[in-house]
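Colleague: Can you make the complete structure from the sequences, with help from the hints?
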Amino acid sequence: MPSKAEVLLKVNNLYKLYGVNRQAARDLMKKGADKSEILKQTGVTVAVNNVSFEVERGKIFVLIGLSGSGKSTVIRCINMLQQPSSGSVIFENQDIGKLSRKELLEFRRTKASMVFQNFGLMSHRDVLGNVAYGLEIRGVKREEREYKAMEMIKMVGLEGWEHQNPSSLSGGMRQRVGIARALTNDPEMLLMDEPFSALDPLVRRDMQFELLSIQRKMNKTILFITHDIDEAFMLGDMIGIMRDGKLIQVGTAEEMTSNPADDYVRDFIVSADKSRVFCAKHVMITPSSLIRLSDGSGKALSIMKRNGVSSSYVIDDKMTFIGVLTLEDAMKARSENLSVESLVIRDVETVKEDDLIADIMPQAARTRFPLAVVDEEGRLKGIVSKAAVLSSIS
Amino acid sequence: MPDWLYNFPETIKLNIREPIDEFISYINVNWEGFFDAVTKGLRGMLKGVNWFIGIIPWWVLVLAVFILTWITTKKPLRAVLYSLLLIFIGSMGLWSYMEQTLAIVITSVILSLVIGFPLGILVASGKKADAIIRPVLDTMQTMPSFVYLIPAVMLLGLGNVPAVIATTIYAIPPIIRLTSHGIKQVDAEVVEAAHAFGSTRWQTLIKVQIPQAMPTIMTGVNQTIMMALAMVVTCSMIGATGLGSEVIIGINRLEIGRGFAAGISVVIMAVILDRLTQGIYKPKGGDLVAEQSRGFIKGK
Numbered sequence: 000m001p002s003k004a005e006v007l008l009k010v011n012n013l014y015k016l017y018g019v020n021r022q023a024a025r026d027l028m029k030k031g032a033d034k035s036e037i038l039k040q041t042g043v044t045v046a047v048n049n050v051s052f053e054v055e056r057g058k059i060f061v062l063i064g065l066s067g068s069g070k071s072t073v074i075r076c077i078n079m080l081q082q083p084s085s086g087s088v089i090f091e092n093q094d095i096g097k098l099s100r101k102e103l104l105e106f107r108r109t110k111a112s113m114v115f116q117n118f119g120l121m122s123h124r125d126v127l128g129n130v131a132y133g134l135e136i137r138g139v140k141r142e143e144r145e146y147k148a149m150e151m152i153k154m155v156g157l158e159g160w161e162h163q164n165p166s167s168l169s170g171g172m173r174q175r176v177g178i179a180r181a182l183t184n185d186p187e188m189l190l191m192d193e194p195f196s197a198l199d200p201l202v203r204r205d206m207q208f209e210l211l212s213i214q215r216k217m218n219k220t221i222l223f224i225t226h227d228i229d230e231a232f233m234l235g236d237m238i239g240i241m242r243d244g245k246l247i248q249v250g251t252a253e254e255m256t257s258n259p260a261d262d263y264v265r266d267f268i269v270s271a272d273k274s275r276v277f278c279a280k281h282v283m284i285t286p287s288s289l290i291r292l293s294d295g296s297g298k299a300l301s302i303m304k305r306n307g308v309s310s311s312y313v314i315d316d317k318m319t320f321i322g323v324l325t326l327e328d329a330m331k332a333r334s335e336n337l338s339v340e341s342l343v344i345r346d347v348e349t350v351k352e353d354d355l356i357a358d359i360m361p362q363a364a365r366t367r368f369p370l371a372v373v374d375e376e377g378r379l380k381g382i383v384s385k386a387a388v389l390s391s392i393s
Numbered sequence: 000m001p002d003w004l005y006n007f008p009e010t011i012k013l014n015i016r017e018p019i020d021e022f023i024s025y026i027n028v029n030w031e032g033f034f035d036a037v038t039k040g041l042r043g044m045l046k047g048v049n050w051f052i053g054i055i056p057w058w059v060l061v062l063a064v065f066i067l068t069w070i071t072t073k074k075p076l077r078a079v080l081y082s083l084l085l086i087f088i089g090s091m092g093l094w095s096y097m098e099q100t101l102a103i104v105i106t107s108v109i110l111s112l113v114i115g116f117p118l119g120i121l122v123a124s125g126k127k128a129d130a131i132i133r134p135v136l137d138t139m140q141t142m143p144s145f146v147y148l149i150p151a152v153m154l155l156g157l158g159n160v161p162a163v164i165a166t167t168i169y170a171i172p173p174i175i176r177l178t179s180h181g182i183k184q185v186d187a188e189v190v191e192a193a194h195a196f197g198s199t200r201w202q203t204l205i206k207v208q209i210p211q212a213m214p215t216i217m218t219g220v221n222q223t224i225m226m227a228l229a230m231v232v233t234c235s236m237i238g239a240t241g242l243g244s245e246v247i248i249g250i251n252r253l254e255i256g257r258g259f260a261a262g263i264s265v266v267i268m269a270v271i272l273d274r275l276t277q278g279i280y281k282p283k284g285g286d287l288v289a290e291q292s293r294g295f296i297k298g299k
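Protein chains in written order, with numbering that gives the first Met the number 0: chain A, 0 to 393; chain B, 0 to 299.
Since the hints were derived computationally from the structure, they do not count as laboratory data. We put the CB at the ideal spot given by N, CA and C, even for glycine. Nothing false has been slipped in among the hints.
Far from chain A, some chain B residues (derived; all Cβ distances over 12 Å): (1) L62; (2) I66; (3) G92; (4) I131; (5) I168.
Chain B stretches covered by chain A per the calculated footprint, using a threshold of three residues with CB under 8 Å from any CB of chain A: (6) 189-196; (7) 199-207.
Modeller: Right, here's the structure in full:
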């Protein structure tokens, strides 16, 4: 291993302009006009504006920006799905823009594989057929390509699903297929264009962990695009923030947090507060035991005993949340022959499904019992423990 | 108020009838060899199809319809019904007429698909091809079908061969339109993925675009067959043999029963052909795309 990390991909002064009157746009750009001004005067969209960065082998480089900031265009310029207007992309000391048609196909087949936001899977092929596609078009024999494809399917944890149609899989599983398909080519580099943005937050989390473990195992270089700063901080060895086609700052997560280049970067980092993204419904769990208001104290005790809990949630026949019954009160009810109803603790805090974690944090901190999550009609949907609230924002 | 404001002035005159007549008679005289060759080729093809249908015993055809219906629709009762309907045609003494009609339909549909499918791909892949072919298709679909009969007769004479030509012209637009529509509506990200993995254009077309567009293309095939069947009856006015000619005779002699029997037979053929071609292609990933493209047809 060389002591200094080798640079695998080098992007130099990349520009991508859309429109006819590009020369005029360039002139304006030199004078320092911004994106909207250029669009107004020349009708040219500046998608990528003088972007340069380097990606080291075995590292994850994350490009982050809002939609329209040009990050997707940058990633498509790497494998020439979009022709850069000017600038160069150097991969393993080879200028990708100067490759012949044939060499470019070879580059796409063996060096850089792509993973797409909406998966880009073929619905007329099963999972195996999708994963083996890259090898198939290279002319690899069926047996060999299916063997390799199966290895990758196992790796992403989809064994047993290989003959299913992608449309019958969940979003997270589909993207696993997308990742397996990209890995089957055994590329030097993965180009991932917002691969987890279409997934819901909890699945996204799993996939991020999974991607990290795969990356550690196979030591792939990854160029990852996202608009989610948490995702960027979690995955990125290096992070580049883009805005209006320009790369504003490149650095590690620590560098960015401690030394943001400008207010835009600072605002972006502030938004990394997870508690403003997750809602109660994302972290709630189903309570292990429920007691009906009409149940006798004996039954209540046996339910608690069976589930090994010292308190239980009480509901009426319509699932409406009533309160909490503790073990002591249940024992008292039995010995003194009182009804469950009279001993239920009714001043238990409840939250709504869509309440943000940030908003319910104070409630979670002071409550004796896990918070009860109820819907508009007061029906119990689940419970949120202190631990769940804390771990969701860690 | 002057007269010319009310009636369209006679002084504005543009005669397109005679030039067209002259043009047709010009190619009729000067391209005789070409049309002879076309006639010969089509006659040979028609003969082949006729021969093929001829060697199939009637009960094999009935059995084939029974089995195919069962397999494609998974409904045994429907399979029995269709077989009985086919037997009904024979029992009216119209079996051989039906075979003749079927031969012309099959020949025309083969021609339509052979020409229309590549054209559809071409239209999907280029804006220029689209700009040229689309107005032509619009014209072909709105032109009254009888109009096609005139040049067909002039250039190729009476009989089954001009009928095949007229039917092909009439039936080709849906396969072109739906092939191109199907290919264009393939998810852009899927096509992009194919490119990103290093597919050549040909590989993208064969391995991704056409298979993804298959439900829509099959709807086009179905529509083409239906239109061919509709036209083949009209074509009996220029001497196409088969069920259509029975209808014409029924009209000429005011034999209502005769016309009706032949008409019913056409309907039965249409129903069977329609259901069979709809059932043949079942996409793996649910019927969503096919349903969408059916909606597209209805919306037209």
